[in-house]
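Keeping their order, the protein sequence lines are chains A and B.
Numbering follows the working numbering, in which position 20 of the first sequence is assigned residue number 20; successive positions increment by one, without gaps.
Numbering follows the working numbering, in which position 36 of the second sequence is assigned residue number 148; successive positions increment by one, without gaps.
Errors might be hidden in some of the hints.
[As the list claims (entries may be wrong)] Derived coverage of chain A by chain B (criterion: at least 3 residues anywhere in the stretch with Cβ under 8 Å from a Cβ of chain B; other residues may be distant):
#, region
1, 7-19
2, 34-46
[What the hints assert, rightly or not] For lysine to any residue, the following SDA-like pairs were computed, each having C-alpha atoms within a straight-line distance of at most 20 Å:
#, chain 1, residue 1, chain 2, residue 2
3, A, Lys70, A, Gly98
4, A, Lys111, A, Asp83
5, A, Lys51, A, Ile80
6, A, Lys36, B, Lys125
7, A, Lys111, A, Gly85
8, B, Lys125, B, Thr222
9, A, Lys36, B, Gln156
10, A, Lys111, A, Ile80
11, A, Lys111, A, Leu61
12, A, Lys36, A, Ser7
13, A, Lys36, B, Ala150
14, A, Lys36, A, Gln14
15, A, Lys36, A, Gln109
16, A, Lys36, B, Thr222
17, A, Lys51, A, Asn75
18, A, Lys36, B, Leu151
19, A, Lys70, A, Gly85
20, A, Lys36, B, Ser217
21, A, Lys111, A, Asp18
22, A, Lys70, A, Ser20
23, A, Lys70, A, Ile47
24, A, Lys111, A, Ile47
25, A, Lys111, B, Thr214
26, A, Lys36, B, Leu200
27, A, Lys36, B, Arg220
28, A, Lys70, A, Thr56
29, A, Lys111, A, Tyr50
30, A, Lys36, A, Asn58
31, A, Lys70, A, Ala52
32, A, Lys51, A, Gly66
33, A, Lys51, B, Gly212
34, A, Lys36, B, Gly212
35, A, Lys36, B, Thr117
36, A, Lys36, B, Gly115
37, A, Lys111, A, Asp38
38, A, Lys36, A, Ser26
39, A, Lys36, A, Ala48
40, A, Lys36, B, Gln153
No wet-lab data here; the hints were simulated from the structure.
Beta carbons: idealized from backbone N, C-alpha and C, even for Gly.
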Amino acid sequence: GQQLNQSPQSMFIQEGEDVSMNCTSSSIFNTWLWYKQDPGEGPVLLIALYKAGELTSNGRLTAQFGITRKDSFLNISASIPSDVGIYFCAGHGSSNTGKLIFGQGTTLQVKP
Amino acid sequence: DAGVTQSPTHLIKTRGQQVTLRCSPKSGHDTVSWYQQALGQGPQFIFQYYEEEERQRGNFPDRFSGHQFPNYSSELNVNALLLGDSALYLCASSPTRGYGYTFGSGTRLTVV
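Model the full structure from these sequences, guided by the hints.
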């Protein structure tokens, strides 16, 4: 089945640094979504991408839908301690419009 | 505006027992999806309900079943529980024609 490979698996950075994480797939995706999950909570949607090449920002977050429709990245600028959490990429494959496929997650830790 | 509500928040069951988890979707949403999230993993799609019918199903055995009620709320039932069913079970709701998935905080199921 369709899978998403997310990297890096974890990151430990200094407050104020920029962060970049990405997601790749061997097959085409119709949408790319980026979620953040805090301990004991459900995932919260950060950015949604619907078109190949689309670049979207949400505050200090920027994400892009790859031209090939097989990848996406998320950048966080000037990280702050509350950015700590697990970030997931997710998407809808070309033939499964109802099913969201998730990556394995990137755990981000920020040192004040 | 209440988001997605799940109950109970935590549950401990014995191997072989049956369990029912409940979900109330966000106001204005009529589609409900269920996901299983094992520790350290991304959520895995179980199934999706729309108009009180199962519309799509992931790779889960028949021990996992569900129901959607006329008010769009939903239940997830798991029979003959196994130790491996221990996980965070997430409910996500969305509007009919949209990808705006909103997740609940989940039910933490522990099977002993």
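Against the structure, the hints:
1. 7-19: violated (count 0)
2. 34-46: Coverage by chain B holds for the region 34-46 of chain A (7 residues, Cβ < 8 Å).
3. Lys70(A) <-> Gly98(A): OK: lysine 70(A) and glycine 98(A) at ~18 Å, within 20 Å.
4. Lys111(A) <-> Asp83(A): Status holds; Cα separation ~10 Å.
5. Lys51(A) <-> Ile80(A): With Cα atoms ~29 Å apart, lysine 51(A) and isoleucine 80(A) exceed 20 Å; violated.
6. Lys36(A) <-> Lys125(B): With a Cα-Cα distance of about 29 Å, the restraint between lysine 36(A) and lysine 125(B) is violated, given a limit of 20 Å.
7. Lys111(A) <-> Gly85(A): Given that 20 Å is the threshold and the Cα spacing comes to 13 Å, the pair holds.
8. Lys125(B) <-> Thr222(B): 6 Å, holds
9. Lys36(A) <-> Gln156(B): Holds, at about 16 Å.
10. Lys111(A) <-> Ile80(A): Holds, at roughly 9 Å.
11. Lys111(A) <-> Leu61(A): At roughly 19 Å apart (the allowed maximum being 20 Å), leucine 61(A) and lysine 111(A) satisfy the hint.
12. Lys36(A) <-> Ser7(A): The hint holds at about 15 Å.
13. Lys36(A) <-> Ala150(B): With a Cα-Cα distance of about 16 Å, the restraint between lysine 36(A) and alanine 150(B) holds, given a limit of 20 Å.
14. Lys36(A) <-> Gln14(A): 19 Å, holds
15. Lys36(A) <-> Gln109(A): Roughly 13 Å separates the two Cα atoms, so the pair holds.
16. Lys36(A) <-> Thr222(B): 24 Å, violated
17. Lys51(A) <-> Asn75(A): Holds, at roughly 18 Å.
18. Lys36(A) <-> Leu151(B): 16 Å, holds
19. Lys70(A) <-> Gly85(A): With Cα atoms ~25 Å apart, lysine 70(A) and glycine 85(A) exceed 20 Å; violated.
20. Lys36(A) <-> Ser217(B): 12 Å, holds
21. Lys111(A) <-> Asp18(A): Holds - the C-alpha atoms of aspartate 18(A) and lysine 111(A) are around 13 Å apart, at most 20 Å.
22. Lys70(A) <-> Ser20(A): The hint holds at about 17 Å.
23. Lys70(A) <-> Ile47(A): 17 Å, holds
24. Lys111(A) <-> Ile47(A): Violated. Lysine 111(A) to isoleucine 47(A) sits at ~24 Å, over the 20 Å cutoff.
25. Lys111(A) <-> Thr214(B): 30 Å, violated
26. Lys36(A) <-> Leu200(B): Roughly 16 Å separates the two Cα atoms, so the pair holds.
27. Lys36(A) <-> Arg220(B): Distance of about 18 Å is within 20 Å: holds.
28. Lys70(A) <-> Thr56(A): 17 Å, holds
29. Lys111(A) <-> Tyr50(A): 33 Å, violated
30. Lys36(A) <-> Asn58(A): Measuring from Cα to Cα gives roughly 13 Å; hence the hint holds.
31. Lys70(A) <-> Ala52(A): 9 Å, holds
32. Lys51(A) <-> Gly66(A): 9 Å, holds
33. Lys51(A) <-> Gly212(B): This hinted pair holds, its Cα atoms lying about 15 Å apart.
34. Lys36(A) <-> Gly212(B): Cα-Cα ~15 Å, so holds.
35. Lys36(A) <-> Thr117(B): This hinted pair holds, its Cα atoms lying about 18 Å apart.
36. Lys36(A) <-> Gly115(B): Status holds; Cα separation ~16 Å.
37. Lys111(A) <-> Asp38(A): Roughly 17 Å between the alpha carbons, so the hint for lysine 111(A) and aspartate 38(A) holds.
38. Lys36(A) <-> Ser26(A): 23 Å, violated
39. Lys36(A) <-> Ala48(A): The hint holds at about 12 Å.
40. Lys36(A) <-> Gln153(B): Answer holds: lysine 36(A) to glutamine 153(B) is near 13 Å, not above 20 Å.
The structure fails to meet hints 1, 5, 6, 16, 19, 24, 25, 29, 38 from the earlier list, while all remaining hints are met.
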